[in-house]
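Trainee: Just so you know, full-length UniProt numbering puts 347 at position 347 of the sequence shown, and the rest follows in order with no gaps.
Careful: at least some of the hints might be erroneous.
[What the hints assert, rightly or not] Here are the simulated DSSO-like cross-link-like pairs (lysine-lysine), alpha carbons at most 30 Å apart as the crow flies: (1) K365 with K168; (2) K234 with K125; (3) K111 with K128; (4) K128 with K168; (5) K125 with K111; (6) K168 with K234; (7) K125 with K168.
If you are wondering where the hints come from, they were derived from the structure by calculation, not from laboratory data.
All of these numbers come straight from a predicted model, not from anything done at the bench.
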Amino acid sequence: SWWLCLLQSLCVAGLCRIPLIRRRSARQLVEEKGLSDEIRRKFSYNPAAKFLSRKEQSPVPMTFDPDTTYSGVIGIGTPPQFFKVLFDTGSSDLWVPSVRCTSSSCAGHLKFNSSASSTFQAASKPFKISYKSGFASGSTGYDTIKISDLYVEQQMFGLTEAEAIFLKSVPWDRVVGLPFSNVTLDGGISILDNMWNQGIIPQNMFSMYLSSSVEGSVLILGGTDSSHYTGSIKWIPLYHTSNLWNIQIQSIPINGNTVACAGRCEAVVDSGTSVIIGSDEEISNINGWLGAIPDQYGAAAVSCFNTNLLPDIVFNINGSSFSLPPAAYIMKSGSGCTTGFAAGPWILGEVFMRHFYTAFDVGNKMVGFAQAV
């Protein structure tokens with residue numbers, strides 16, 4: 001259970017480990033209730049939405065990803081109130097539902113009661129996230145965040161009072177953004193920068209190991225853990241540094257033929273996106289090489305038989321080759337098999353990060369990949 005997740009969190013030799021549980025995805029949950037057609041009609045999948053630039057006081061863009069599944073536990077306040085959260089390297093903000101949330105999407109999720117925390121301070125700015133298919137809004141405040149054995153003081157976060165209906169079906173209460181830059185929803189400081197500034201992590205970095213099984217995944221604050229990868233970490237400098245973990249891919253070949261990113265392309269490394277996203281034409285090309293046929297929802301369907309005969313897909317990044325086998329990029333669900341490739345701006349999401357242990361180095365402006373074990 002998620003309480004076990006909390007009990008297993010610990011810091012040893014400066015590194016703090018937060019266990020991540022892989023839960024049933026929103027897609028699985030709505031399929032079980034027979035609602036998947038209705039949800040897909042209402043909420044289009046637009047992975048680009050949350051990367052749109054925004055000005056202060058403008059809504060925070062975000063999108064519904066039906067397949068993200070990993071969550072860990074944080075505590076907010078004194079004494080801590082605990083939440084299951086998505087640790088999202090593709091967004092900046094930390095936010096949870098408030099006890100004042102009246103939307104049905106908050107039912108069944110844990111809600112923060114600011115009056116029950118002796119360290120809570122209200123902030124003056126409103127909080128608003130706009131979705132491609134809905135919104136969340138509320139207020140902001142400051143409080144102590146307990147993450148593993150660490151206590152991050154005076155952390156700004158959002159408290160939602162109204163939310164889009166699709167948030168009812170996600171398997172986590174809400175989100176902790178782990179951006180590259182320190183700018184959050186209203187000029188507040190990100191939780192990563194606060195940890196570093198408060199001297200509670202040994203290095204200004206974190207890393208993630210995403211397992212295919214329910215348990216075993218972990219977020220490591222302050223460094224890397226070599227027990228989760230083999231060989232060395234290949235470090236890649238950030239490209240066009242913004243608040244995102246952007247890198248440049250040189251090319252993507254299959255069987256020696258370049259099928260995408262022929263002229264290089266820029267990609268975001270994002271734990272809050274379930275699949276690998278790329279430009280429409282290039283993803284169509286990759287899926288074509290895999291013999292995939294679009295299903296009624298536009299997903300690239302393949303036969304579940306003989307998927308092991310499909311080719312590896314190679315990502316050439318900063319002079320290193322990262323080879324993704326079919327076992328990593330074919331996704332099985334109750335309704336069959338699809339490839340883990342979809343159209344949008346280039347994003348390396350969970351499908352890539354499950355195969356490659358990923359380190360995020362704020363101090364040195366780099367992302368590192370190593371073969372996960």
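Trainee: With reference to the structure, classify each hint as holding or not holding.
Mentor: Tested hints:
As the CA atoms of K365 and K168 are separated by approximately 36 Å, the hinted pair breaks the 30 Å bound. For a cut-off of 30 Å, the pair hint linking K234 to K125 is broken: about 41 Å separates their Cα positions. Of the pairs offered as hints, the one joining K111 and K128 holds, with about 17 Å between alpha carbons and a cut-off of 30 Å not exceeded. Proposed proximity of K128 and K168 is supported: the alpha carbons are some 18 Å apart, at most 30 Å.
The hinted pair formed by K125 and K111 meets the criterion: a straight-line CA distance of about 20 Å does not exceed 30 Å. A threshold of 30 Å between alpha carbons decides the hint, and for K168 with K234 the separation of about 39 Å lies outside it, so the pair is violated. A distance of roughly 25 Å separates the Cα atoms of K125 and K168; the hinted pair therefore holds under the 30 Å criterion.
Checked against the numbered hints listed earlier, the structure breaks hints 1, 2 and 6; every other hint is satisfied.
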